[in-house]
Amino acid sequence: MATATTVSWSPKVAILMIACNLFALAIGNWAIKNPGVGPALPAELP
1 MATATTVSWS
11 PKVAILMIAC
21 NLFALAIGNW
31 AIKNPGVGPA
41 LPAELP
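Each step along the sequence shown adds one to the number in our numbering, with nothing skipped, and position 4 is 4.
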């Protein structure tokens, strides 16, 4: 079995990861029209 080759950490990798996270947050904010609204939990909160 071969092991996966990983990229060593660098400022380029950090910038790419931050950009991907910001992109995911932007999609999440766009996709969730009413944050905090949804079905109730199956159990009561204490």
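Honestly, the hints are just simulated from the structure, not real lab data. For clarity, every value in this text was computed on a predicted model and none was experimentally measured. Virtual Cβ for every residue (Gly too), placed ideally from N, Cα, C. One or more of the hints may lead you astray.
Derived Cβ-Cβ restraints for the label pairs, each shown as a range [to be verified]:
id	residue 1	residue 2	range
1	Lys12	Pro42	23 to 33 Å
2	Val7	Gly28	22 to 32 Å
3	Ile32	Thr6	26 to 36 Å
4	Leu41	Met17	42 to 52 Å
5	Ala24	Ala4	18 to 28 Å
6	Ile15	Glu44	44 to 54 Å
7	Ala4	Glu44	21 to 31 Å
8	Phe23	Thr3	40 to 50 Å
9	Thr6	Ala26	36 to 46 Å
10	Thr3	Glu44	43 to 53 Å
11	Ser8	Pro39	24 to 34 Å
Checklist entry - Which numbered conditions among the earlier hints are violated in the structure presented, ordered from lowest to highest? => result 1, 4, 7, 8, 9 and 11
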